[in-house]
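Novice: Sequence:
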Amino acid sequence: METWAGFCPIFHLSLAIWLMIAAHAPQNAKAEITCASCASPIQLHSDKLQPLTRISQAEEADTLQNIRVEFRELGFTEQNPGVDVEYGTGGSAEPPHFLQKASLDKVHPNATSAPSGRDKRPGVDESEKGEDGSVRRAKRSVSDFARFGDAGALEEDRGSVLDGHRQGRSDSKWSREDGRANKRPDERKLISNTFSLTGDSAHNHAVVYWSGQNSSVILILTKLYDFHIGSVTESSLWRSTDYGSTYGRMNDKIGSKTVLSYLYVCPTNKRKIMVLTDPEFESSVLISSDEGASYQKYRLTFYVLSLLFHPTVEDWALAYSHDQKLYSSVDFGRKWQLIHEHVTPNRFYWSVLGLDKEPDLVHLEAHTPDGNVQYVTCRAQMCTEANRNYPFPEYIEISSLVVQDDYIFIQVPTSGRATYYVSYKRESFTQTKLPKYSLPKDLHIVSTNEKQVFAAVQEWNQNDTYNLYLSDTRGVYFTLAMENVKTTRGIGGNQMLDLYEVTGIQGMLIANKRQDNQVKTYITYNKGRDWRLLQAPASDLEGNDIHCMLPFCSLHLQLQMSENPYLSGTISTKSSAPGIIVATGNIGAELSYNNVGMFVSSDAGNSWRKIFEEEHNVWFLDKGGALVAVKQPSVPTRHLWISFDEGREWTQYSFSPVPLFVDGVLVEAGTENQIMTFFGHFSHRSEWQLIKIDYKSIYSRKCTEEDYQTWHLHNQGEPCVMGQKQIFMKRRPGNFCMLGRDYSRILSAEPCICRAHDFECDYGYERSVDGNCHPAFWFNHSMVSRGCSLGQNYFNSTGYRKVVLNNCTKGVKEMYTAIKQQCPIRPPKGLLLTTKDGKLTANLGSNVTFLVHLDEGDSMRTNIQLDFGDGTAVSYSNLSWTEEGIKHVYKAAGIVRVTALAENMLGYDTTTLYLHVTCPVEQVQLLAPFVVIRNKEVNITAMVLPSHPRTVTYFWWLGNNTEPLITLEGSISYTFPTEGIHTIIVQVAAANVILQDTKAVVVKEFFKSLLLSFSPNLDEFNPDIPEWRQDVGRVIKKALLQISDFPDEQLLVAIFPGVPTAAELFLLPHKNQSGSKKKSEVELEQASDIIVNALNQNLVEFELKPGIRVIVYNTQLTLAPLVDSNPRHSSSAMLMLLSVVFLGLAVFLIYKFKRKIPWINIYTEGSQEKEQEMIGSVGPGDSTSKITLSEFSSSKELMEKELEARSNRGVGNTCESTREIPNCTSV
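What the sequence shown shows, in mature numbering (1 follows the signal peptide of the UniProt record, and there is no 0), is residues -31 to -1, 1 to 1196, in sequence order.
No lab work stands behind these hints, which were simulated from the structure alone.
Idealized CB from N, CA, C, for every residue including glycine.
Be a bit skeptical, because a hint or two may be false.
To be verified - Derived DEER-like restraints, expressed as beta-carbon distance ranges:
#, residue 1, residue 2, range
1, PHE990, SER940, 27 to 35 angstroms
2, THR442, PRO688, 21 to 29 angstroms
3, SER844, TRP997, 52 to 60 angstroms
Said to hold, decoys possible - Quick list of in silico lysine-lysine cross-link-like pairs, DSS-like style, CA-CA up to 25 angstroms:
#, residue 1, residue 2
4, LYS782, LYS420
5, LYS266, LYS239
6, LYS402, LYS968
7, LYS239, LYS592
8, LYS771, LYS694
9, LYS798, LYS782
10, LYS1048, LYS905
11, LYS779, LYS420
12, LYS1006, LYS968
13, LYS905, LYS405
Based on the provided sequences and hints, a complete structural model is requested.
Specialist: Dropping the structure here:
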């Protein structure tokens, strides 16, 4: 969102001049003029202009024209076409961006930029005051370079010059005219004085400041800015005390080696001046309280990028540093205190008088540690965390905070449609209402100074045009004022809206509209309610008739302000000269940049006259009583033209004996004096020239009452404009008298009877072809009263609303004014449940704020019930209790179903929201068998800590598959089709966290396995980490190989997680079986017997540490000593079957006769403390050992113990965890 401002005012002016100095200088610098209200310039590239050697005057003129073209291409200052807005929240002006591509993007209207060693942007910062003393806003430009043709004219890619600028004709004609003028002895001359800034010819940048206010002091800061290194290398400070007749160098008073970069002047006390040093040399500030006569230096601990002075207190200022910190000073820069860190550039504002309670309140936009952006307010010297306020509780979009007049604007981050909020007079924020299907891509604030918001909106189907909208007084409801307003691509690549607000006449606007591939100029007298084309002049300069008939032919104007604020631009008006408009334009079917001329209107755009065939810069003299014109700066001139009859007759005056390339003009900088100051250079090699012109001699006397006449404002003969008849006092054309200070502009203003053109369409209504306002197809009229309660009243729109600031009375006012009605009774309808941040996810343990919205129904008598989906619910007697949101904290992760119910005596409505309550995953462990049988289904499980039921996504990569298997469950079944070593990878995603685990699985046709246990001393050294288990497994394998000759590659030892420590030994068949399968099975049986015997004899042991030996035991045979994937019936299987039968028979007999056998112990389900025993077979002579099975944990028990151990160590201590043990037993 942007704000734009008008042309730099005549009083209290400051000027920055950029000149190309080529004489004897190796560097190539370009001439530029900028000021405080100009944007910080972009990096200039001087390699486009080669240094000049010896050139003739004609060649020099052509070369300098190219320089000026380059200047216009690289200029920084943007003047808003017609939005002359007063602003009272700051004192030093830095212009806002003009229609940049950022939502709610508005640059500080009062902040000034200063480049540092880190900020490679040369420029000038000065405060600019309007005639009434208020600070004025200007725009800044940051954009791409335009493309110029050989003739110096801006060209489009297709050869069109529609969106560019022409520089005028060649300079040969001007040179001949100047030559002839030199020979005329009776040439009119103005009293002038020329001063050269001797010794600064190499300096390519200057800041000129003239405070006005009857002060005779002028300050000039010249600098040598090195574009290659991006810093100032030399500087000089000049001071004049006689309105610029003479200057003195001040370097000795500030330090001969001090390099200055920027000059600031306090807007509320022009005698106070602040000068910054270049941070590449030192970071200091020089302060003067006597208009620059003496200075005091103070060290700074930061680099100042921009300053913002307080609008009323002269010693208060804000400083923005290179590291995004905001500081405040209450003693005019002598001491600084940190306000806030991570502040968005140009998004900080002083309080607005009459709206904010504390005068030292600061509005700012700051970044949070997690990267979000907040709107913060605090007092300048008390901005601790405890003293900060957050007027808008949600996060906002970056660079969206705009504090301007009665309004505060922000944009909230949303995934879809852009959403904007406005606060009127510091009340609570309300969502702005544009037409439902405008779907804005971009929104910019044009102005807010006339008790409503002027906004330009680029909608979803627009690229180079914007729609113009006007709001109601509160800035909430916007209605369309004009469609497809043309934008012009600026020199820096930014877009400028072709809209001009005529100063001095309320409600008068001029705009360029694109329609049917043509651009035409339209004018309105009632703030966009009605538009019409401009009537072309009846005759040309020679008096020949011009045949131009509406609507096929009309006058079209260029509405761009100059890149240089001290050149007039293509259109000019002045509040003290109401009705006079001077502009560049053309006559024809559409706007063109070919065959342009200068036109003037003396009756507020009703009729026009042509005054020049070529482009000129035109300024207002003597409070608008006279006009002064100078040819474009692309050619040198020694003449200016003055008109005393509103442009009908022009008188030529000479102001210099030598033609001057005019880079800028200060007009009427003083209040009581009649002085103009021209800045420029005589040639490419010359010193900088400052020409002081006193034009008091052209007046014969001061004006008396007989020198004035009345002028009635009208619109094509209609005397009522904005609901009133206005009569102005103007000086009679042709009188050479000087206006007085007490010159009154408006003589009378009489209200008119209200008629239809005093009313515009209300929100939700559109103007049809018959001129009446009808509801839009999307507009639901009943929605207007949805917040209305029984017994209350609301205003039922008639489809019209009065144009803001229209002063009409009676007439059709009652017919068009909204009707006050009682609130209707309706059942609840359109119930909507959302979260405050618009997200459907929430972190476990965090506050979730639910918002309940009801389209229709008595909000004060509608009961609201909200079920949070976790067993808790709340109920409210009416909707007003839920305005701030309903907060809830979830204590368990998962997907919850949140339900809202709205019910009153006439009915009910419900809505549901599914919220994902998540907690970040801290650990994932993949559980899978170490060895599996080919073509046999196995279970694979991913164990997640902490547990995330239904909120975790699992990605499984199995075998050689290139695409993952995606599940919401942590367990899958899979069959491996081929033998070999297969890798399983699982990734777990939850709450923006992704973790991964990997397992290798051996797939065989058959295998043999044994369970192993260890002496208890091993558990004392078990850290229960994968690396330790791998190392112990390798040591065990080495010990087993010492007692058997079984091949190394056919042994696999896997240590189970947890304690007590246990393992499984796998005996694998040879990879390439040379014999039959039966032979391989026999080999495995034999090897198993050997290992079992060795284990039973305690022959397998290893040394864990010196003196600590661990014995490996055979826990038991697996349930299937030999696992085979072949279903054939072997003899061993038959023997086992018979053994099972005999065993079953024995069990039956024992059970039958158990009471008759005294040595049989009876075990029941209640005898859980008893333990089964297994007697191992040993060789002759060996003692029989009893091994209790309960001493060795099963695989499942081991996993449970591991989970318990992890839980005790604090894994997943923030979330509730569950034990989920997969089927991971040995096969």
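Novice: Work down the list of hints and note, for each, if the structure agrees.
Specialist: Hints versus structure:
no.: 1; hint: PHE990 <-> SER940: 27 to 35 angstroms; result: 33 angstroms, holds
no.: 2; hint: THR442 <-> PRO688: 21 to 29 angstroms; result: 27 angstroms, holds
no.: 3; hint: SER844 <-> TRP997: 52 to 60 angstroms; result: 57 angstroms, holds
no.: 4; hint: LYS782 <-> LYS420; result: 20 angstroms, holds
no.: 5; hint: LYS266 <-> LYS239; result: 19 angstroms, holds
no.: 6; hint: LYS402 <-> LYS968; result: 57 angstroms, violated
no.: 7; hint: LYS239 <-> LYS592; result: 22 angstroms, holds
no.: 8; hint: LYS771 <-> LYS694; result: 17 angstroms, holds
no.: 9; hint: LYS798 <-> LYS782; result: 34 angstroms, violated
no.: 10; hint: LYS1048 <-> LYS905; result: 23 angstroms, holds
no.: 11; hint: LYS779 <-> LYS420; result: 22 angstroms, holds
no.: 12; hint: LYS1006 <-> LYS968; result: 20 angstroms, holds
no.: 13; hint: LYS905 <-> LYS405; result: 61 angstroms, violated
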